[in-house]
Amino acid sequence: MFIGVAVIAAVGMLISAKDTYLKLLNCVALILLTVSGGWTIRKTLTQGAHGYASGAFYWDALSALLLTVIVIISVYVILYSLGYMEREVHEKKLPRKSLKWYYFWIWVFIATMLLVVSTPNLGIIWVGIEGTTLATTLLVGFYRNKKAVEAAWKYVILCTVGISFALLGTMLLFAAAAPHLGQSITALDWRMLPKVAHQLDSNLVRLGVIFTVVGYGAKVGFVPMHAWLPDAHSQAPSPVSALLSAVLLNCALYAILRWYSLARLTTLGPDFVGKILMIFGLLSLALMVGFIIMQKDIKRLLAYSSVEHMGILALGFGLGTQLAVWGASLHLLLHALTKANLFVIIGSLVQKTGTRQIPRIRGIFKVWPYTGVIMVLGLLGITGTPPFGTFRSELSILTGLYKTGHPLLGFLTILFLTLIFAGFLYHFLQMLFGQPRGRYQAGESVSTLALAFPLLVVLFLGLFIPQSLNEALNQVVKVILGGV
Amino acid sequence: MVGIPENELNLLVFVLLTCGLCVVYSSRVEKALFWWTLQTFAVSFLVLVQGLYSRELEVIIVGALLLIGKVGIIPVLLGRVLRDSKTEWVGEIYLKRTSSLVVAGALTLIAYEVTKPLMALPLPGFRNGLAVGIALIFYGLLLMMVRKVAIVQVLGILLIDNGIFLAGFFLTQGMPLLVEMGSMFDILVGIVIIVILSRQMLENYNSLNVDHMRSLKG
Numbered sequence: 003m004f005i006g007v008a009v010i011a012a013v014g015m016l017i018s019a020k021d022t023y024l025k026l027l028n029c030v031a032l033i034l035l036t037v038s039g040g041w042t043i044r045k046t047l048t049q050g051a052h053g054y055a056s057g058a059f060y061w062d063a064l065s066a067l068l069l070t071v072i073v074i075i076s077v078y079v080i081l082y083s084l085g086y087m088e089r090e091v092h093e094k095k096l097p098r099k100s101l102k103w104y105y106f107w108i109w110v111f112i113a114t115m116l117l118v119v120s121t122p123n124l125g126i127i128w129v130g131i132e133g134t135t136l137a138t139t140l141l142v143g144f145y146r147n148k149k150a151v152e153a154a155w156k157y158v159i160l161c162t163v164g165i166s167f168a169l170l171g172t173m174l175l176f177a178a179a180a181p182h183l184g185q186s187i188t189a190l191d192w193r194m195l196p197k198v199a200h201q202l203d204s205n206l207v208r209l210g211v212i213f214t215v216v217g218y219g220a221k222v223g224f225v226p227m228h229a230w231l232p233d234a235h236s237q238a239p240s241p242v243s244a245l246l247s248a249v250l251l252n253c254a255l256y257a258i259l260r261w262y263s264l265a266r267l268t269t270l271g272p273d274f275v276g277k278i279l280m281i282f283g284l285l286s287l288a289l290m291v292g293f294i295i296m297q298k299d300i301k302r303l304l305a306y307s308s309v310e311h312m313g314i315l316a317l318g319f320g321l322g323t324q325l326a327v328w329g330a331s332l333h334l335l336l337h338a339l340t341k342a343n344l345f346v347i348i349g350s351l352v353q354k355t356g357t358r359q360i361p362r363i364r365g366i367f368k369v370w371p372y373t374g375v376i377m378v379l380g381l382l383g384i385t386g387t388p389p390f391g392t393f394r395s396e397l398s399i400l401t402g403l404y405k406t407g408h409p410l411l412g413f414l415t416i417l418f419l420t421l422i423f424a425g426f427l428y429h430f431l432q433m434l435f436g437q438p439r440g441r442y443q444a445g446e447s448v449s450t451l452a453l454a455f456p457l458l459v460v461l462f463l464g465l466f467i468p469q470s471l472n473e474a475l476n477q478v479v480k481v482i483l484g485g486v
Numbered sequence: 034m035v036g037i038p039e040n041e042l043n044l045l046v047f048v049l050l051t052c053g054l055c056v057v058y059s060s061r062v063e064k065a066l067f068w069w070t071l072q073t074f075a076v077s078f079l080v081l082v083q084g085l086y087s088r089e090l091e092v093i094i095v096g097a098l099l100l101i102g103k104v105g106i107i108p109v110l111l112g113r114v115l116r117d118s119k120t121e122w123v124g125e126i127y128l129k130r131t132s133s134l135v136v137a138g139a140l141t142l143i144a145y146e147v148t149k150p151l152m153a154l155p156l157p158g159f160r161n162g163l164a165v166g167i168a169l170i171f172y173g174l175l176l177m178m179v180r181k182v183a184i185v186q187v188l189g190i191l192l193i194d195n196g197i198f199l200a201g202f203f204l205t206q207g208m209p210l211l212v213e214m215g216s217m218f219d220i221l222v223g224i225v226i227i228v229i230l231s232r233q234m235l236e237n238y239n240s241l242n243v244d245h246m247r248s249l250k251g
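Residue numbers (the numbering used here), protein chains in the order written: chain A, 3 to 486; chain B, 34 to 251.
Because the hints were derived from the structure by calculation, they are not lab data.
Honestly, I wouldn't trust all of these hints.
[As the list claims (entries may be wrong)] If the Cβ cut is set under 10 Å, some of the chain A residues that face chain B in the computed set are:
(1) ASN123
(2) LEU124
(3) ALA150
(4) GLU152
(5) ILE159
(6) THR162
(7) LEU169
(8) THR172
(9) ILE187
(10) LEU209
(11) ILE212
(12) GLN237
(13) ILE467
(14) PRO468
Ideal placement from N, C-alpha and C gives every residue a C-beta, glycine not left out.
Work out the full structure, taking the sequences as your base and the hints as a guide.
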C-alpha cells in the first residue's frame with residue numbers, strides 16, 4: 003500500500019534525473035500516497051482500529067493522527083521541493099544528477115516513517131526509527147561542504163548512540179514480557195502488552211522505559227540530547243529541514259508515546275513516565291529561551307523553536323489529563339503544519355538573499371511583500387498567538403497544568419512562552435522592516451501566497467474545530483490514556 | 034534452557050571482555066579494528082554454539098548473519114577507508130592509553146554493580162555475560178569521548194552495539210528474528226553511510242580528525 007508506493011517511488015526516482023520525469027513521477031506518487039493514506043485514515047477514524055496482512059500492519063487513532071501529519075507534510079514539502087531543487091541546480095549549487103538521489107532518499111525517508119506508524123510492534127518501530135536516521139543522514143549532508151559533512155556526522159553519531167539505548171530498552175521490555183507472551187514477536191506487540199501489563203516485572207520495565215525515553219528522546223531533540231538538531235536543520239536543504247522538523251521529530255515522539263501508554267498500565271503507575279516526560283519538556287522549554295533570543299542564524303532559530311515545541315508536547319502528554327493530552331495531540335498536528343510552512347518560506351528567503359544571518363536580512367516587506375505576509379502569519383502561528391490554533395492547544399495544556407495543581411509549572415511555562423514570543427518578534431520585525439541590504443531582485447508573483455495554505459488551516463482551527471476532528475482527537479486521547 | 038556449559042561460557046565471556054579492553058588500549062586504529070573484529074567473531078561463535086546446543090534454527094540464523102554482516106563486511110569497509118586516509122594513530126585526547134585502561138577497569142566494576150538488580154531474572158550462569166555486555170557499552174561511550182579520529186568513534190558505536198547485543202542475548206535468549214534482522218540491516222546500512230560520510234570528510238578536510246569539525250555552534 004502506501005509504504006509500497008513510497009518504496010517504489012524511491013526506486014523509480016533513480017531511473018532518470020530529467021526535470022519533467024521527476025516532476026511527473028513525484029506527482030503520481032503523491033496522488034497515490036494521498037489516496038491510499040487518506041483511505042486508511044478515514045477507515046481508522048470511522049470504523050476504529052484495523053489491521054492488514056493478518057495484523058502485520060495495524061492502525062489506531064494515534065497512528066492515524068501521525069499518518070495524517072506525514073501525508074500532508076510530505077505532499078506539501080515535495081511539491082515545494084520540485085521548484086526549490088530546480089532553482090538550486092539552476093544556480094549551480096548542486097549538479098543535476100544529484101537530484102535523483104535527493105528524491106530517492108526523501109522517499110526512503112517517507113517510507114521508513116510510514117513503517118513506524120503502521121506497525122503494531124515496538125521492535126519494528128525501533129527498526130523504523132533507526133531507518134529514518136540512515137535515510138536522512140545523506141540528506142543532511144547533501145551539499146557535501148565542510149559544514150554539511152560536520153552536521154551529518156554529528157547527526158548520525160549522536161542519533162545512532164541514542165537509538166541504541168532505545169534498543170536496549172526494547173530488549174529489557176522483551177525480557178519482561180517473554181515469560182507471559184512467549185518468546186516470539188507478539189511479546190513486543192502493543193496490542194497484546196496492555197493485557198499483561200500489570201504482571202510485567204517492574205524492575206525491567208522501569209529500566210527499559212528510562213533507556214527508551216532517553217534513546218528516542220535524543221531523536222526527538224529533548225534537552226540535553228538536542229545538540230545535533232540545530233546543526234542538521236540548518237545545514238540540510240530547506241525542504242529536508244521542513245520534513246525533519248515537522249514529521250521526523252513527531253515520529254520519534256510517537257515511539258515514546260507508545261511506551262508511555264503502555265507504561266501507564268504497569269505497576270509503575272501512570273505518574274512514572276509522565277514525570278520523566280514533563281522534566282524533559284520543561285528543561286527543553288527553559289533552555290530554548292536563551293538560544294532563541296540570542297540566535298543569529300534564521301534556520302537554527304527555527305530548529306531551536308522545534309525543540310521548544312517538542313518540549314511543550316512532552317509537557318502536555320506527560321501531564322496525562324484528558325484536556326492536556328487533547329491539547330498536545332492537537333498541538334502536534336498544528337506545530338507540524340506551522341513549522342513546515344515556516345521552513346519552506348524561510349527556505350525561499352534564504353535562497354533569494356543567499357544568507358542565513360538574521361542581521362543581514364532587512365526590509366522584506368519592501369522587496370517581497372507576499373513573503374512578508376506569510377512570515378507574519380508564521381510568526382503569529384508558531385508563537386501561539388490568538389486567534390491561531392496553536393493558541394488553543396497551548397492553552398489546553400496550560401489549563402491542564404493549573405487544574406492538576408501545578409501552578410508553578412504553569413507560571414514557568416507561560417513565562418518561557420512569553421520570552422520566546424518576544425525573541426521571535428524581535429528577530430522577525432528586524433527582518434521584515436528597514437532598508438533592504440544588498441541588491442535583490444524585487445517583486446514576486448501572487449502565487450507565493452499559495453505556500454501559506456497550512457498556516458490558513460492553523461488559523462481556521464483556532465477559530466473553529468470541526469466535530470469530526472474533535473472526535474478524532476478524543477479517540478487519540480483514549481488510546482494514549484488507555485482507559486484510565 | 035539447554036545451553037553452553039558454564040565453564041565454556043565463562044571462557045567466551047572472558048575473551049569478549051579482553052577484546053573490549055584491547056580496543057580501548059590500542060594506540061593504532063588498525064589494531065583496534067582487529068580486536069573489535071575478533072570480539073564480534075566471538076559473539077557470533079557464542080550465538081552459533083548456543084543455537085546448536087538448544088537446536089533453535091532462529092538462533093543459528095542470527096549467528097550466521099552476524100558472521101557474514103559484521104565479521105565479514107564491516108571490517109573490510111572500515112579497513113579500506115583507513116588505508117585511503119593513511120590514519121594510524123587513534124588520536125588520544127583527555128586520556129592516554131594506560132589511563133583509559135584503568136578507567137575501563139573501573140567501568141567494568143560499575144557494570145557489575147549496575148546489573149545486580151537484574152540478576153534475579155536470568156539464569157545464574159548469565160551474570161557475567163550480562164555484566165560484560167553493559168561493560169562493553171561503557172567502553173564504547175568512553176572511546177567516543179576520549180578519541181578524536183572518526184573511525185575510532187565508529188568503533189565506539191560498534192562496541193556499544195556488541196554490548197547491547199550481548200546484554201540482549203543474555204537477558205532474553207534472543208530477540209524475535211524479524212527484529213534481529215532489522216537491527217542488523219540497520220547497522221550495516223549505517224556503516225555504509227558512515228563510510229560514505231568519512232570519504233566526504235576526507236575530501237573536505239583531508240583527514241579523519243574530528244577536531245576540524247568545530248564550526249557549527251550556538
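Here is how each hint holds up against the structure:
no. : hint   : result
1   : ASN123 : 8 Å, holds
2   : LEU124 : 9 Å, holds
3   : ALA150 : 8 Å, holds
4   : GLU152 : 4 Å, holds
5   : ILE159 : 6 Å, holds
6   : THR162 : 6 Å, holds
7   : LEU169 : 6 Å, holds
8   : THR172 : 8 Å, holds
9   : ILE187 : 4 Å, holds
10  : LEU209 : 8 Å, holds
11  : ILE212 : 12 Å, violated
12  : GLN237 : 7 Å, holds
13  : ILE467 : 39 Å, violated
14  : PRO468 : 39 Å, violated
The structure does not agree with the numbered hints 11, 13 and 14 stated previously, though it agrees with the rest.
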